[in-house]
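Colleague: For reference, the chains in residue letters:
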Amino acid sequence: MARISAGVATSHIPAIGATIDNGKTGEPYWAPVFAGYDWSKQWIAEEKPDVVIIVYNDHASAFDMRIIPTFAIGCADRYGICDEGWGPRPVPEVIGHADLAWHIAQSLILDEFDMTIINEMDVDHGLTVPLSLMFGQPEAWPVKVIPIAVNVVTYPPPSGNRCWQLGEAIARAVASFPEDLNVQVWGTGGMSHQLQGPRAGLINAEWDNRFLDLMSTNDGETLRTIPHIEYLRETGSEGIEMVMWLIMRGALGRMVKPLHRHYHVPASNTAVGHLILRPAESSSSEV
Amino acid sequence: MARISAGVATSHIPAIGATIDNGKTGEPYWAPVFAGYDWSKQWIAEEKPDVVIIVYNDHASAFDMRIIPTFAIGCADRYGICDEGWGPRPVPEVIGHADLAWHIAQSLILDEFDMTIINEMDVDHGLTVPLSLMFGQPEAWPVKVIPIAVNVVTYPPPSGNRCWQLGEAIARAVASFPEDLNVQVWGTGGMSHQLQGPRAGLINAEWDNRFLDLMSTNDGETLRTIPHIEYLRETGSEGIEMVMWLIMRGALGRMVKPLHRHYHVPASNTAVGHLILRPAESSSSEV
Amino acid sequence: MTGRTRDIHAYLAEFDDIPGTRVYTAKRARQGYWMNQFAMSLMKAENRERWKADERAYIDEWPMTEDQKQAVLDRDYNRCLDLGGNIYFLAKVFSTDGLSFLQAVGTMTGMSPQDYQAMMIAGGRSPEGVRSIREKR
Amino acid sequence: MTGRTRDIHAYLAEFDDIPGTRVYTAKRARQGYWMNQFAMSLMKAENRERWKADERAYIDEWPMTEDQKQAVLDRDYNRCLDLGGNIYFLAKVFSTDGLSFLQAVGTMTGMSPQDYQAMMIAGGRSPEGVRSIREKR
Ligand SMILES: [Fe+3]
Ligand SMILES: [Fe+3]
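Chains as they are written, first to last, in the working numbering: chain P, 1 to 287; chain D, 1001 to 1287; chain U, 2001 to 2137; chain S, 3001 to 3137.
Hints are computed from structural coordinates only; laboratory data are not their basis. For every residue, glycine included, the Cβ atom is placed at its ideal position computed from N, Cα and C. Take the hints with a grain of salt, since some may be wrong.
Simulated restraints, written as ranges between beta carbons of each label pair [said to hold, decoys possible]:
| id | chain 1 | residue 1 | chain 2 | residue 2 | range |
| --- | --- | --- | --- | --- | --- |
| 1 | P | Glu-206 | D | Ala-1280 | 47 to 57 angstroms |
| 2 | D | Arg-1078 | S | Lys-3052 | 31 to 41 angstroms |
| 3 | P | Lys-24 | S | Lys-3136 | 34 to 44 angstroms |
| 4 | P | Asp-21 | S | Pro-3019 | 31 to 41 angstroms |
| 5 | D | Glu-1230 | P | Asp-213 | 46 to 56 angstroms |
SDA-like cross-link-like pairs, simulated, lysine to any residue; straight-line CA separation at most 20 angstroms [stated by the list, open to error]:
| id | chain 1 | residue 1 | chain 2 | residue 2 |
| --- | --- | --- | --- | --- |
| 6 | S | Lys-3044 | P | Asp-64 |
| 7 | S | Lys-3044 | P | Pro-88 |
| 8 | U | Lys-2052 | U | Asp-2097 |
| 9 | U | Lys-2052 | D | Gly-1085 |
| 10 | U | Lys-2027 | D | Ile-1229 |
| 11 | S | Lys-3052 | S | Asp-3097 |
| 12 | S | Lys-3027 | D | Arg-1078 |
| 13 | U | Lys-2044 | D | Pro-1090 |
| 14 | S | Lys-3027 | P | Asp-64 |
| 15 | S | Lys-3136 | P | Ile-229 |
| 16 | U | Lys-2136 | U | Ser-2126 |
| 17 | S | Lys-3136 | P | Arg-199 |
| 18 | S | Lys-3136 | P | Pro-198 |
| 19 | U | Lys-2136 | D | Trp-1207 |
| 20 | S | Lys-3027 | P | Ile-229 |
| 21 | U | Lys-2027 | D | Ile-1067 |
| 22 | U | Lys-2136 | D | Glu-1234 |
| 23 | S | Lys-3136 | P | Glu-234 |
| 24 | P | Lys-24 | S | Gln-3103 |
| 25 | S | Lys-3052 | S | Gly-3098 |
| 26 | U | Lys-2044 | D | Pro-1088 |
| 27 | S | Lys-3027 | D | Ala-1098 |
| 28 | U | Lys-2027 | P | Ser-176 |
| 29 | S | Lys-3044 | P | Ile-67 |
| 30 | U | Lys-2044 | D | Asp-1083 |
| 31 | P | Lys-24 | S | Gly-3098 |
| 32 | S | Lys-3027 | D | Asp-1077 |
| 33 | S | Lys-3052 | P | Trp-86 |
| 34 | S | Lys-3044 | P | Glu-120 |
| 35 | D | Lys-1024 | U | Gln-2103 |
| 36 | D | Lys-1024 | U | Gly-2098 |
| 37 | S | Lys-3136 | S | Asp-3016 |
Take these sequences, add in the hints, and give me the full structure.
Modeller: In structure tokens, the structure reads:
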């Protein structure tokens, strides 16, 4: 039986990808950003997940204004790397796990989530930067990936509550997959950042750290009820990406055990946040 | 304030469109099919709805296997007519109501429906045949249209319960639109038909008529719990399209007053069913 | 929530119990992906011309199995369904041949066009005995 | 259900209360549709070449208002946002110019690139006083 063994939260800032690709992770500006991932890289090398479900958002890369899915799940065998304007990142193509992805997609729709199924798609920095942060620069990614793309660009994004519920439903779906697979769920994006207007550059380290606390200790009653306006006011317009962390968090069950935590300001315009969490209950399917 | 004044259910058989387009509605085979819409045409000429929300499914016309949205809502100003293999039907282009459509789309997402927003799309017989049946062959359609495309091709389609809930949420959304608009909701597709395999041609008039009864008299507790397998076993593999009628029915509130009913076998491979219903409660927003 | 089936395995298993019917599940959608995308390509007039000019050459451009290609070339729609085809996609093939849904669908029943048409006019195929293989009803 | 706002009007109204911020609502998405689709077209190398060769000729191919075109030609990103632009789409314009997010985003703040960069290194802009116009906090 497949099981969700851990959750990872991490920012997915494009400049981090460029820094890795250009071999500049040792520069003084960047070293403290990457230092917080040293433990994570060792940890994941030991964990050896088979599949990672990566919750991310497309940044006007694969999707434009013609079609805007709220929740899209990739069911393909492979995903190409988007050209976001400077040519595609020089990273390996992303290999899917179509069996598990279709199983989850079908289960979620039966469970009354109105998923959009995607069979052909390129993925952007929102998905590849977390892979680089966790795995460095391998010849091929050592995991299969199921992309879940969430709309957080055109308003309204899904509510925090709906994201949490989707996470719970993903856990149920994974638990009913017959093959024995070690599955992780990653929530990406955030933390504080605003990339537009006179208020650009906003960082709220206090709020971010309270959110990291809640992600580590709260059973969800507080987290899932944070309204969109609070993310926007407190953490900048792009801070809304943090609703995607709630999908990961919801998939881990009521309580979690925090394994690792990292916070740094700045990377480009953004606060970097990172968490590794274990489900505290024996089985996340008992949610 | 916008209000849902009526619901219409109708089959959307492509051969009906071809018959209208070729001026053959008077032929003996076809006359009884169209006779059931005479009352409806008169009725709608008096009702003069401003906007019709048409719930339909795309038949591998605008969407292929690359992307499969469970619930998609058209927010465009206009929609072209699909070329389904014989050139586009010679019908007027479909004019949207982008203000109301975006209002409904935003409201539904806030209400935790995981909509896919569509801004450019051609529409196929699933949407245009009902327009032809209700309005004949005008120079321009006398209503604005909001398309809601439901996946009923790749399994699983949304549950009957989820469809009903979407209808209820559409009613809430329409009721909160400030402009005074007369809005109808149409559910299309069905009734009995199977277009594939040795069992093709299946028609279950008894089941279809019980469904028409329930649509007219039931408060939903029975209708919304009909499982997919029952549609398939009893009404043929394409009978599943009837789940789309439940979106219309859910939008009308708990009880309805039936105004008109029509049932005929066959049209091509299919049983034709048609209903016109009024919400029985003073306001459908009180659901 | 209603007492609906949430277990996808049980949900899908029931579909195999319907006689003479292939439900377009993920398994079929994956198997038939390129057959269906091939068929979809015939929505464009220029592709229809190329297909009509040389069916074999056109279909060889698609990553389909030889079985799938042959089933399409043979217009053996039951076989196409067995290999993952979906009728709404395959409709592009029979529409290009100038066949209506009524004509094309009839070919899958083993009946003559006349008999199939006559059955439909007489009220269609009865559901009696073709609801469930297991329950023989 | 939680006690969340279900009323879309109240939900949207709150966004106008955030200083120096344009939330990409339906209203903005509709106003800026073609500006954003124009920007998206720059993801293709051949379009970038045509744009760089003659910006005015390239942008005139798009059904944008003259105000929108001028705002893009001027690289006035605040004005672009006012006219319905979204930063992830507009990023294709500044990426084509060879600007990073850090450089481009800074131009919207009225600060010099050096000052903006220094502010970020010092911990970013404080939320104090820029949370709410109405509540002055
Ligand atoms: Fe992002
Ligand atoms: Fe249909």
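Colleague: Give a verdict on every hint.
Modeller: Quick rundown of the hints versus the structure:
1. Glu-206/P to Ala-1280/D: 47 to 57 angstroms: holds (54 angstroms)
2. Arg-1078/D to Lys-3052/S: 31 to 41 angstroms: The hinted range 31 to 41 angstroms holds for Arg-1078/D and Lys-3052/S, with Cβ atoms some 33 angstroms apart.
3. Lys-24/P to Lys-3136/S: 34 to 44 angstroms: Once the Cβ atoms are compared, 42 angstroms apart, the range 34 to 44 angstroms for Lys-3136/S and Lys-24/P holds.
4. Asp-21/P to Pro-3019/S: 31 to 41 angstroms: holds (36 angstroms)
5. Glu-1230/D to Asp-213/P: 46 to 56 angstroms: holds (49 angstroms)
6. Lys-3044/S to Asp-64/P: holds (13 angstroms)
7. Lys-3044/S to Pro-88/P: Between Lys-3044/S and Pro-88/P the Cα gap is close to 11 angstroms, so the pair holds against 20 angstroms.
8. Lys-2052/U to Asp-2097/U: holds (9 angstroms)
9. Lys-2052/U to Gly-1085/D: Between Lys-2052/U and Gly-1085/D the Cα gap is close to 13 angstroms, so the pair holds against 20 angstroms.
10. Lys-2027/U to Ile-1229/D: Given that 20 angstroms is the threshold and the Cα spacing comes to 17 angstroms, the pair holds.
11. Lys-3052/S to Asp-3097/S: holds (9 angstroms)
12. Lys-3027/S to Arg-1078/D: holds (17 angstroms)
13. Lys-2044/U to Pro-1090/D: Holds, at roughly 17 angstroms.
14. Lys-3027/S to Asp-64/P: The hint holds at about 17 angstroms.
15. Lys-3136/S to Ile-229/P: holds (16 angstroms)
16. Lys-2136/U to Ser-2126/U: Given that 20 angstroms is the threshold and the Cα spacing comes to 14 angstroms, the pair holds.
17. Lys-3136/S to Arg-199/P: holds (15 angstroms)
18. Lys-3136/S to Pro-198/P: holds (16 angstroms)
19. Lys-2136/U to Trp-1207/D: Holds, at about 19 angstroms.
20. Lys-3027/S to Ile-229/P: holds (17 angstroms)
21. Lys-2027/U to Ile-1067/D: Holds, at roughly 16 angstroms.
22. Lys-2136/U to Glu-1234/D: The hint holds at about 14 angstroms.
23. Lys-3136/S to Glu-234/P: It holds: about 14 angstroms lies between the C-alpha atoms, which stays within 20 angstroms.
24. Lys-24/P to Gln-3103/S: Holds. Lys-24/P to Gln-3103/S sits at ~18 angstroms (cutoff 20 angstroms).
25. Lys-3052/S to Gly-3098/S: holds (12 angstroms)
26. Lys-2044/U to Pro-1088/D: holds (11 angstroms)
27. Lys-3027/S to Ala-1098/D: holds (10 angstroms)
28. Lys-2027/U to Ser-176/P: holds (17 angstroms)
29. Lys-3044/S to Ile-67/P: Given pair Lys-3044/S, Ile-67/P holds - Cα atoms ~19 angstroms apart, limit 20 angstroms.
30. Lys-2044/U to Asp-1083/D: At roughly 8 angstroms apart (the allowed maximum being 20 angstroms), Asp-1083/D and Lys-2044/U satisfy the hint.
31. Lys-24/P to Gly-3098/S: holds (19 angstroms)
32. Lys-3027/S to Asp-1077/D: holds (14 angstroms)
33. Lys-3052/S to Trp-86/P: Measuring from Cα to Cα gives roughly 15 angstroms; hence the hint holds.
34. Lys-3044/S to Glu-120/P: holds (18 angstroms)
35. Lys-1024/D to Gln-2103/U: It holds: about 18 angstroms lies between the C-alpha atoms, which stays within 20 angstroms.
36. Lys-1024/D to Gly-2098/U: holds (19 angstroms)
37. Lys-3136/S to Asp-3016/S: Since the Cα atoms of Lys-3136/S and Asp-3016/S sit roughly 14 angstroms apart, the hinted pair holds (cutoff 20 angstroms).
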